[in-house]
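The task is to assemble the complex, starting from two chains supplied on their own in separate frames and drawing on the hints.
For the record, the sequence lines run as chains A and B.
For the numbering used here, count along the first sequence from 1 and bump the result up by 6.
For the numbering used here, count along the second sequence from 1 and bump the result up by 2.
Hints are supplied without guarantee of correctness; some may be wrong.
[As the list claims (entries may be wrong)] Computed, partial: chain A to chain B, Cβ under 7 Å:
# : residue
1 : T43
2 : A147
3 : V209
[Stated by the list, open to error] Covered by chain A, according to a simulated footprint, are these stretches of chain B (three or more residues, beta-carbon under 8 Å):
# : segment
4 : 56–70
5 : 332–339
Please keep in mind that the hints were generated in silico from the structure rather than gathered at the bench.
Remember, predicted model here, so these are calculated numbers, not experimental data.
Every residue, glycine too, gets a C-beta built ideally from N, C-alpha and C.
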Amino acid sequence: MFIIKHSKLFFGISALLVAASFVLIGTKGLPLSIDFTGGSILEVTYTNERPTRDVVEAAVGAVVPNASVTLTGERGIIVRTPFLEDTDREEVLTALEVDGALFTEDRFSSIGPSIGEELKRKAFVAIGLVVVVIIVYVAFAFRRGDDEARPQVKGPSSWVYGLVAVIALLHDIIIPAGFFALMGLEVDTLFVMALLAILGFSVNDTIVVFDRIRENLRENADRKRSEDFGETVGKSLEQTFVRSINTSFTTLIVLVTLFVFAGAAVHNFALALIVGIIVGTYSSIFLASPLLVLFGRRK
Amino acid sequence: MMGIRVAATFIVIAGIALGFFAFGDTEREYKLGLDLAGGALLTYEADTENLAGDDIDGAMDALRDVIERRVNVFGVGEPRVSTETALLGGEIAHRLIVELPGVTDVDAAIEQLGETPLLEFRLVRQEGEPIQVTTSDGSIQMPSQTDMLYKRAELTGRYLQSARVQFGGNGGVVNQPYVALVFDSEGAEIFEAITRDNVGRELAVFLDGELLTSPVIQSVITSGEAIITGDFSPEEARDLAQNLNFGALPVPIELVGTQNIGGSLGKATVAAGVTAAAWGLALVALFMILWYRLPGLIAVVSLGVYVALMMTLFKFIPVTLTAAGIAGFILSIGMAVDANILIFERLKEELRDDRQGVRDAIRNGFKRAWASIRDGNLTSIFTAIILFYTTTSLVKGFALTFGIGVVVSMITAIGVTRTLLLAVGGETRSVLFGSGIHK
Chain A
7 MFIIKHSKLF
17 FGISALLVAA
27 SFVLIGTKGL
37 PLSIDFTGGS
47 ILEVTYTNER
57 PTRDVVEAAV
67 GAVVPNASVT
77 LTGERGIIVR
87 TPFLEDTDRE
97 EVLTALEVDG
107 ALFTEDRFSS
117 IGPSIGEELK
127 RKAFVAIGLV
137 VVVIIVYVAF
147 AFRRGDDEAR
157 PQVKGPSSWV
167 YGLVAVIALL
177 HDIIIPAGFF
187 ALMGLEVDTL
197 FVMALLAILG
207 FSVNDTIVVF
217 DRIRENLREN
227 ADRKRSEDFG
237 ETVGKSLEQT
247 FVRSINTSFT
257 TLIVLVTLFV
267 FAGAAVHNFA
277 LALIVGIIVG
287 TYSSIFLASP
297 LLVLFGRRK
Chain B
3 MMGIRVAATF
13 IVIAGIALGF
23 FAFGDTEREY
33 KLGLDLAGGA
43 LLTYEADTEN
53 LAGDDIDGAM
63 DALRDVIERR
73 VNVFGVGEPR
83 VSTETALLGG
93 EIAHRLIVEL
103 PGVTDVDAAI
113 EQLGETPLLE
123 FRLVRQEGEP
133 IQVTTSDGSI
143 QMPSQTDMLY
153 KRAELTGRYL
163 QSARVQFGGN
173 GGVVNQPYVA
183 LVFDSEGAEI
193 FEAITRDNVG
203 RELAVFLDGE
213 LLTSPVIQSV
223 ITSGEAIITG
233 DFSPEEARDL
243 AQNLNFGALP
253 VPIELVGTQN
263 IGGSLGKATV
273 AAGVTAAAWG
283 LALVALFMIL
293 WYRLPGLIAV
303 VSLGVYVALM
313 MTLFKFIPVT
323 LTAAGIAGFI
333 LSIGMAVDAN
343 ILIFERLKEE
353 LRDDRQGVRD
363 AIRNGFKRAW
373 ASIRDGNLTS
383 IFTAIILFYT
393 TTSLVKGFAL
403 TFGIGVVVSM
413 ITAIGVTRTL
423 LLAVGGETRS
433 VLFGSGIHK
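This is chain B alone, in the form it adopts within the complex (with noise of 0.2 Å):
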């Protein structure tokens, strides 16, 4: 008796704590998805078709790694580049998915997206060597960070023909991966300009925008053909040939799908779905407690933990929420109530019978609720997990809520429940256990 009432005082402390985690805790945010936080998805589909099957997979992800480090540039909290295959008519298209929160300007979005992206060569600056930047306009700006550090050196991916990974003995170390590159006659003749030029000075490689490699010119080179040598392993060095040879996106893609949702829009949804679900939940805990009196009490303060929990674990997981990842936690709800409802005209029944004390009672009608609850929730948990499988991103997100909403519900009907109702039965029935409009 004692150990149950201990057990449910630590169950309702336990269950302000994670309140206010849920609701107070400030400095972790409930991430929100894209048509809650506004933003831009954009969705493209690769023409795969002059490949072999075996490249695809290979290609796809290139085309993801050079989409990424352009979607990087936006300087977009959280954008997310997948791909994806699809299945449409005995034919298997592959789509690339381009995720951009609070992007609301898609057509500049789409415009860079699709651009080639810039293989560029430039040296490092030497000190007090002067720097000007103009535009085409012939306006000063002011030089951007990478501009201070490093000059163009008038050589780009527009002139190199090809770059493979080459494993060799240079510099002593056999075996040790490296990436050659070979330009074309009019690339030839730059980087012959450039390196005689410029012997002993770094020549840095960038790829849009980003740094990465910059060696130090040995000698003139005249053959057109260079070589990237760096602390590579094998996968390193084969990524960046890949990234070289791919200057121009792997695979073409066209653009199949966009949406673009704006950030009010979103705070409105969010407001609206608060305001529903504070309702329903009120309006439900008031029925419970005018029909189920005690016990019906019990349910909303398990309830309580319930919605607690369940977004303590939307936080932790973190899990993204969308609007139909909000109407799939508002209707697990329904699912957790009904658990409640199950074990209390259960225990009405048990009541009945005199020969047992409400205590008893209690351990009896849950033990018979429980076949239903377990084989009612177990069909929704299935339910949920076909649906995450077999479906778009957005049924995923109901999928998931509502899975783990109906797993939850489950644990805090059997777990919360049963221990508070415990907690309070005395041995005596009293007018607190009735139910509806009887005594």
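Next comes chain A alone, as it looks inside the complex (with noise of 0.2 Å):
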């Protein structure tokens, strides 16, 4: 099998994509909305024209301090301001009337500092006991209780499946990271939601080849066949490939469909999914199972 062949080709690849991921996190940095450091939004529609950005900002920045003005739509704007009470809020609204222009206020969301504290302890929280979760659950799935009749079903510990499997996650979620920091994208609840829904799949992914590997393990100790392991795992990756791609297509169908109609709102949320998913489709294929081999052998 060429994958298990070639492992450290694509080895060097999720090793390369993970180091760039990192650089370019630690020196661009992740911009995170104000669901995590706090401040306001405040998006409306002109009626008729709207006025140019620079008048725009201008009008605002005179108001309160570090305001930033982005076009939306048509005929819509997003204020984005540090925390604004709601005073501040009217003094906004007013300057927003450039030459009595006139506009619906379609949104306004204020987010004091300790919310988005809060907030951001809770997204590592939550990340952190989803990968704790699942690999104690891997690992128990995949313990070798009912082997222990069957010695001869050979293979690693259950406890090297959950950790493989973690270093997949891991790989998974860092790599849309470095994808929003280089592309200069904001970070805010969804973003946290799209990492876990990418946990979700790829652990998924992961464990379907896992136990197509236990699986032929079981076959091999019941016909007394003496396979190697990186064999096996070759073998159970092509009989996996098909629904791998399939599952991955049908689901990349749904989030491009989600990121074209579905609106600004989701956008980021479903780009973020988009190459969570592709990342895990790799890491399942080529990162997870030649790890196995890797990890297994050596024991």
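Listed below in structure tokens is the structure:
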């Protein structure tokens, strides 16, 4: 199986991508949304013609410091500022009436710094907990309890399966984060949700391959066939390959429609998932299984 | 064989019925979250510094009650007031979350919530008494329902010094709880005047415009003390005293977060979400039929049942749908498709073994795919549960629909896809069971 044979190449690609992601996150940083930093965001749609960005920015800048203005859609604008009290919001709204221009207020969100701090903490807790639960579950699901009666079944310990699954998982969430750092896209609560969904998909993908490996190991034992572990893994990969590609493909179809049709609110969410699903599929085929061979042979 | 076909027919009919219920029945509506229906979400942080640890919960409950009463004055559909604790740098922060669907004027809402509540005493009007309500600028206003029935008595919570629950044999019943009020000196004078002039009439007590109780004035009271009796349980009496004492908010609060979403933006989000889901489903269906042929078609029917079942559950539980929640649902469709793909790939392998018939191949294919489906979905369910319990309301919506979606997808993959496949699967292999570009 060429994947196992050339595993060093695939390890290299993954290592490179992960390293690049770390460098990007370290140097460019992840721009955090007001969900995490606290701040205010005001979205309005002008009834008629929209004033230019510079005009709006100057008008708002005169009222509150550090405001940034982005254009959205044909007549909308989004104003981001540090945390605003409600009275400040009034002033911003007045400032937006450039030359008496009319608009409707679509959305106002103001998040105190303390809430942002808490959300950040909760995001890390959630991701950490999910990773721990997955490693424990995989170790449990692949435990050798029912194989003990059949000691001839070979293969690595269940903790190796769990460890490899988690390495693949970390790979799958670090690369989308690096991608966001590269593109300078804002990280918000939805992004954290996307990472968690990627965790779910990725582990699902990896487990399907592992399941097949275990099944083949048992079959080999039953038929008293001795086979190199690398070969067994390669065979299992071949058997699950079409399924992995098809599942990822259909999931990507759904995500791309979400990206195209579902509006700006979930744009970044869909994008994070698209990147995550692609690297997740890559990792379950080209990273997790070769790693399993690497660690599994060592014992 | 007949049994399976009957079951399959039943499933298809049930699916169509669910579909009608989910999309056709307009009487029961989906519950949309604030971000989709439009509305305001206000987050307050309570300053509990001056409270002992044991008192905080009680104070927060009282705070919620006070705010809830004020919110109810808005008359918006299904407002929600809840308390929440958050761990912040080792300290526990107490928050109050106010959700006001449909409220677009967030300033007015904030102002009204921040007001000190009004404890008022009013005399019940006697028949024939003239009703005159004039506002400060002298114009005549239409009297409200309350003004028609009750006359202001110039005595308000401003003059109240304390209220407490007492038990006693007042009126013969031992241990009947009542609420004792003590007015300050100014209040005592006003109270004395009112009671002197109106013996025998009812003096009603209003809190935030809501009638609490309406005792009859027995005699003139000069001490500035009053009791409110009634058919109270000890809990009700305690609540009443608490409410009176907390005429002002029990704990000072500070607005730390505001979210206001216009209704039109929400509508656009819903429409976009529906479009995305429809396109996503249609393209997935096309791919499944092209690649897996007959089983693919069955998967599409099974997915249809899945979507109808989910939408029905959303209506029935009911699940409050938010943008994040819809994203969770759309993602769970991916999981549902995956279960079918796993099964079909396994089926394909089983069919290569010429020693077994199509139906046995289907049964074995399912049996073998099950371990993978179970392990993969269980981890997703764990993820959903962790998300639901560790995060904030936005993520909860996602976790809930995703979690329900994964569970339901497992059931439909095993229940619906399997039954339908067995029902249409004959004894001989045909090109319909092939897949991909091969025969």
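Here is what the structure says about each hint:
1. Using the Cβ-Cβ criterion of 7 Å, the hint placing T43/A at the interface with chain B is not satisfied: the shortest such distance is roughly 13 Å.
2. Taken as an interface hint, A147/A checks out: its beta carbon lies about 5 Å from the nearest beta carbon of chain B, inside 7 Å.
3. The beta carbon of V209/A comes within 5 Å of a beta carbon in chain B, closer than 7 Å, and the hint placing it at the interface holds.
4. With a cut-off of 8 Å between beta carbons, the segment 56–70 of chain B has 0 residues touching chain A; three or more are needed, and the interface restraint is violated.
5. Residues of the segment 332–339 of chain B with a Cβ under 8 Å from some Cβ of chain A number 6, which satisfies the need for three, so the listed coverage holds.
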